[in-house]
Amino acid sequence: MNFKRIMLIFLVIFVFIDGFLFFSYNRSTVGDSSTNGNNVLDEMRKDQIAFSKPSNDAHYGYYFSATLTNDLRQNATNLQQQTYHFSGTELISQFKEPITADNSGDLKKAVDKVVSNANLVSHGSEYRYSKQLSNQDQLIYVQRVAKGPVYSKDGQLRFTISDNHRVIGYSQSYLDNVDLLREKTKTISEERALTWLYQYNEIPNGTKVTWANLAYTRLTTARGKAVFLPTWVFALKPNNSDTVVMKRVNAYTGEILKTGSSQSPSSNANPEILSMT
Amino acid sequence: MKLKKLILPVGLAVAVLVSLGMSGMLWTNPAHSNLNDSTKPGNSNDNATNASFREVNLPNQIIYTDKAGNQSLLSNSETNLAAEFQGLLGTFSTRQVATVSNHSETPYFDQLNRKNSVVLDLGNVINSQYFKSVYNQKFRISNRNFNRVQLLTNDSAHIYLLNDSTKQVSRVTVTGNSQSKLNDILTEPRVATQVEFRNWHGRPLVYYPKKTTMKVYSYQATQQSESYYANRIMTTNTNSNMQVKKHKTSTTYDDRGFRHMVVNRNDGTVTFTNYDSQTGSSSFLTMMQRAYSQMVMVGIPLDNVRLYSYDAKQHQIIFRTYVEGMPVFNQTGFGAVRTKILGQDSYRMNFSLASLQVPIPPSTQTTTVMSTTELLAKLAALGISAKKIDDIQLGYHWTWDKTLKKVVNLVPTWYVSINHQWNRYDTLVNGQ
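If you read the sequences in order, they're chains A and B. Its first residue numbered 1, the first sequence is counted upward by one per residue in the UniProt record's numbering. Its first residue numbered 1, the second sequence is counted upward by one per residue in the UniProt record's numbering.
Among the hints, a few may not be true.
What the hints assert, rightly or not - Straight-line distance between alpha carbons at most 25 Å, and here's what the computed SDA-like set of lysine to any residue pairs gives:
| hint | chain 1 | residue 1 | chain 2 | residue 2 |
| --- | --- | --- | --- | --- |
| 1 | B | K181 | A | A58 |
| 2 | B | K402 | A | L219 |
| 3 | B | K167 | B | E196 |
| 4 | A | K53 | A | N177 |
| 5 | B | K406 | A | K53 |
| 6 | A | K184 | B | K402 |
| 7 | B | K405 | A | K53 |
Bear in mind the hints are in silico, worked out from the structure with no lab data behind them. In this text, all values refer to a predicted model and were calculated from it rather than measured experimentally.
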């Protein structure tokens, strides 16, 4: 082997090394340029977390206070075609004629009509159907306050679907005396809320984020009134399970909001949002 | 032939040098160390939701004069009016400027009382450069100092810049100023309180001719721990050991270098002195930006905090908590944050451990505040004549709730400045 040949082999090897170094240098600078955001989403995908692309838009919301009152009880005397009783401030009613699906076979449409009829459901126009919270056993309508949906067991219309695909009755809770506590304020984006939830280790590997929504949830109770604030609510479904766990993130500060007793704090928001009956 | 012989050795030499250089760059690049790290990206960005420099510089008072000449102070009900006006001030481009009047009171007050106008109080006298940075990137008017901006509801081609101390009125010809946007903001739901601009010892005073009803606020407050700030700002000098001395009512932290911190447990305030920072600057804007970034560095929550005043003689910047566009007094003896520039590269910052966090329902929704006329009459009865009073303003009084833990009540009340010292009306009554 002559000297020329050795040089040639070395040249080829070094060109390869250069190529490799250039590639890894590029990768490391790309990773450095955005510590938050997209590369966190990449990390999440690597952890087998499935989600649809979160939006980066800012939204606006309010802090407000509200109470449960006797308003439903006072209005109940005007309700027609049903028998009702109360459990605390919650109205539980049974229709004299069960609601059946309309001609197109759509039960939800038939229930929509009932909700919009003030003789059948009081304050019905303030509630909106929630696809996210409903399932095959229940149609859930959530109350809208301050230009947004309220995800709370205290502001809901729940229609239970019977085995023969009919609705026999409903329960209703109603948030009254709404006072805005602060002017309209910008919230963080869905992307930011999702990445923070992940960074605080609230999303286990192999989880599917089935939906995300900006909704008002209860933060605290003060002076006998519940205080609500805008939150990003995420529904997480672990790989080998059918139960959906809801987690919520304070949409102003990005803080993970825990629900439950102080002995066993967890950030499972389900009991706060859905009544566990 | 000779050249051809050289290609191989030169090429090899270049390839070796490139690989050496690239390895060096990779090793010194801090990002590289995380490349194969399986840990999740850290959440180092805990200040990401803190208020921006723009947000701590929102305009204070918004006074609208209708076509009949009636004046009202506009405040929030559902929307953040100050933020909307700040956005509106960023939309136009400037063409030219003309001085309408200077050093003359009558035309100055005529301009303030001009019909079909909105006067925004910027809180402090700021220069063109500052306005450009905080409000409008397209602002090309140089060498103007002003503390108010006036927009007209019937003329979108001009805006006015006003200076309370020099009485200078400047008319700026603008393009791209949207009449409809201004009218949109004015038709939004808001609280309008009847007021008047009055000449008070040569300066404009916002005068309330009638008693008014104002909202009362309650907030859950956060009391930040001493260790939070000690860890954040006192452990940067890794070569030295931090010296901690506990006293009866205070704790002193010293990093034996450039930083010194005293936490006063009696009133919940922190005094932080930093002898190694670029804060002083001949440019007002740079100095303010540096003061702002020091607050962010320290980790003070700036959610409801705004620039209140700058004292050029004392080199002192005061930030206060604001509700409804009105300053909060009595949070501490000095506001929310007070920064005193000590020199080119040192400053002393006083700040409160407490900050407002979550608004909660107040025990009473509203309270009635007496008119300025009644206030002046009562002060006169106490022997405080109008001559002694340099300024009057409405503000919110901060008190801790007696029954609920960590709850602050904010009640609107009159503040009277005598010898450049703000006094709450109640203390003047009880003190005499």
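Hinted pair, alpha-carbon criterion (25 Å max): K405 of chain B, K53 of chain A. Please report holds or violated.
42 Å, violated
Does K402 of chain B lie within 25 Å of K184 of chain A when you go C-alpha to C-alpha?
Between K184 of chain A and K402 of chain B the Cα gap is close to 29 Å, so the pair fails against 25 Å, i.e. violated.
If you draw a straight line from the CA of K167 of chain B to the CA of E196 of chain B, is it 25 Å or shorter?
This hinted pair holds, its Cα atoms lying about 18 Å apart.
Within 25 Å, alpha carbon to alpha carbon, are K53 of chain A and N177 of chain A?
This hinted pair is violated, its Cα atoms lying about 37 Å apart.
For K406 of chain B and K53 of chain A, compute the direct alpha-carbon distance and say whether it is at most 25 Å.
40 Å, violated
Next pair to validate is K181 of chain B with A58 of chain A; report whether the Cα-Cα distance is within 25 Å.
At roughly 21 Å apart (the allowed maximum being 25 Å), A58 of chain A and K181 of chain B satisfy the hint.
Agreement of K402 of chain B and L219 of chain A with the hint, judged by alpha carbon distance not exceeding 25 Å
Answer holds: K402 of chain B to L219 of chain A is near 22 Å, not above 25 Å.
The structure shown violates the earlier hints numbered 4, 5, 6, 7.
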